[in-house]
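Starting from the structure of chain C, add chain R where the hints point.
Sequences listed follow chains C and R, in order.
Numbering (our numbering) for the first sequence: 119 to 526.
Numbering (our numbering) for the second sequence: 119 to 526.
Derived by calculation from the structure, the hints in this document are not laboratory data.
Check before you lean on any hint, since a few could be wrong.
Same chains, same names: a pair is fine if it fits in one copy or spans any two.
The calculated DSSO-like cross-link candidates involving lysine-lysine, where the alpha carbons are at most 30 Å apart (straight line), are [what the hints assert, rightly or not]:
| # | residue 1 | residue 2 |
| --- | --- | --- |
| 1 | 191 | 167 |
| 2 | 468 | 283 |
| 3 | 283 | 440 |
| 4 | 485 | 244 |
| 5 | 380 | 485 |
| 6 | 225 | 485 |
| 7 | 191 | 169 |
| 8 | 225 | 447 |
| 9 | 169 | 447 |
| 10 | 483 | 283 |
| 11 | 418 | 431 |
Please read all numbers here as calculations on a predicted model, not as lab measurements.
There are 2 protein chains.
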Amino acid sequence: MAVLQRTGMGLALLRHKAFHCGQHQSCAAASTLNFQDLEVILTKTPQPKPKDNELLFGHAFTDHMLTIDWSAKRGWDKPCIHPVQELRIHPAAKVLHYATELFEGMKGYRCVDGKIRLFRPMENMKRMRRTAERAALPDFDGGELLRLIKKLITVDSDWVPRSEKCSLYIRPTYIATEPALGVSKSTEAKLFVLLSPVGPYFHTGFKPVTLLADPRFVRAWPGSCGPFKMGANYAPTIQVQDHAMREMGCQQVLWLFGDDHKLTEVGTMNLFMYWINDQGEEELVTPPLHGLILPGVTRKSLLELSHQWNEFKVAERDITMKEVIRGLKENRVMEMFGAGTACVVCPIEKILYQGQILEIPTMTKAKLTNRFFNHLTDIQYGRIPHSWMELVSEDTEVVANVTASRMY
Amino acid sequence: MAVLQRTGMGLALLRHKAFHCGQHQSCAAASTLNFQDLEVILTKTPQPKPKDNELLFGHAFTDHMLTIDWSAKRGWDKPCIHPVQELRIHPAAKVLHYATELFEGMKGYRCVDGKIRLFRPMENMKRMRRTAERAALPDFDGGELLRLIKKLITVDSDWVPRSEKCSLYIRPTYIATEPALGVSKSTEAKLFVLLSPVGPYFHTGFKPVTLLADPRFVRAWPGSCGPFKMGANYAPTIQVQDHAMREMGCQQVLWLFGDDHKLTEVGTMNLFMYWINDQGEEELVTPPLHGLILPGVTRKSLLELSHQWNEFKVAERDITMKEVIRGLKENRVMEMFGAGTACVVCPIEKILYQGQILEIPTMTKAKLTNRFFNHLTDIQYGRIPHSWMELVSEDTEVVANVTASRMY
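Just chain C, with the same shape it has in the complex (with noise of 0.2 Å):
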């Protein structure tokens, strides 16, 4: 069913004793998660491709996927491109009692130059290091983990949407797969990359939101995972989210936290506010990182362009409800947005606070939610060469039944 491509086999079988991956036959053992061992098997049914205009998020997946296996007895097994396909787990296996899992959102684009690059990926690689030590997954090198994501990229080029509205989702996951109870660190993982086209947020112009700001729900604790990238944090917000949207009519949640209702996150995203602070200064302000929160790459890029900027006060700290009604009241609040890979930034309309609807009038003008949004998908688009973005090569070769040493 699929073209077998080896590549350092003899070198790797030098180095390691050969073992059974558990999903192909072909896969010998390598202590280490190194490209160098990567094997690609090639699918021989190609999907069609969705058209652009009829993408979901993350509802239709490329043709080939990413998985390396690890045990503790063993360490990494060989990387695996391979085309997607149903992972065997056993029932028992930790992921699916203790939730022992945890995974990554980034993007790549097809710039004006027709090339691919991603937005900023050693930062997701970093993240998701920090956030496997939290989970007790093993750890791996992140520089390694994106040559593998880059050369999958590679791999399925051709589902890397050409339009300038649309880009690829790479979505790493992290799984334990130990098959036994009982709640402790895991022998056995699984780490695997998906990529999925996805069409653009915002189809016709920004669509605002309306936020339920009940701070009944809580998302994060200090002392919790809520900083990391775990899908423990995740589980529980599905039932508040449906709360809102089916009973509230509001489109996400606003994540209050304290006695004080600090603002913390925006569904999945970071917050921000732009308004005239206290002492009368234009100022961009968002919660800090303490524990409570994400911390966002498109955050974290925001407050990097607003420093270079120099146009407006920077602020990293806690903001609370109060605030936000009396800057309402006194006409303060500029501007108030969601910041994400999803949707770069999300602007807010209304809050759903205490039975009082509060007017945001972050859509009358708008002004920094889209320059920021403008500006970061020029850099993002390549419209705007930048130092964040970093190339995929299209080695249209590794399609073609070509030899080990010309193929990496």
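For chain R alone, coordinates are given in the frame of chain C:
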């Protein structure tokens, strides 16, 4: 490879259109979880049973498992009892990314009359349904699931240890399987049940534990999913548990909460203290069900027994570290122990708290700890008949090639 025994198939097909269950070709769909739709596929290669004295918790599984698939379109598929096998899960399944998953832990016992009984199984079914609601997974009929679990145990009844020190651990698990990224309710789910013969928690008398009580680590908080048996409650504890064991020489974590360092849970157990309270009364005290702790079935049973005995005061209220330290100084603390399905009760002898080691005199008498252990195991192994125990009828005919009408 397997003997397929069909039952009620004609009836099922009259009521419902046939669908593929995704796991077995023979499984047709039913819209509600229904015992009558059960199909049994028996293994032709039964595994050797481990010896009682070699049993590790959660490492050995019986020959068969129960699987029931659900989808928003079709409702519940036909339940299947089939040989234990790897699950086939799409790599984008929500369970692997957002930890949309939950489980239960319950036990079956080979009683002194040779019959197999379950300990308060409907308590687990009720909690599982509450957890499903919190996890945004579909509801089901707990009575029907229990009937299916009993049938599974009947099929694998030879696996239920014949020792009054061993038991059969039962692990219902419920995961979201929709293959789509995006933090939202899943349109597909899988409920499965594993059985695992387990040895004695204490091989040679009680082995008391030392606890790490570090207020930097927080298991649950108001508004979290702490009182529900979701996987998301366990993933963040593994790193902390590992730190307690490897770096601090403690066997378990004592989870504290709040500025006053309330005691909440011990590892994955509920916590009890037996002491002379500030009013000079003999008192059994345990933290209340106010959203920070899991409502344990053993916890509930110990409270009910204590109320029946009516020999000492029983209180469900917050306990702070300050109270414990004062009680210890004044020689008023008699026993502290964890309570859970795995061990019944687990005595605590030391707590490492803010640089000091608190010595708990539990083991000098272990009067109440011992009494609870003996009384509950007397009930569980049928030495004292009790309404808490539910019979699993051992219909040995199920393993023979009998007709459907005789099987059910």
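Margin query: Under the constraints set out in the numbered hints, which ones does this structure not fulfil?
Written below: 3, 4, 8 and 9
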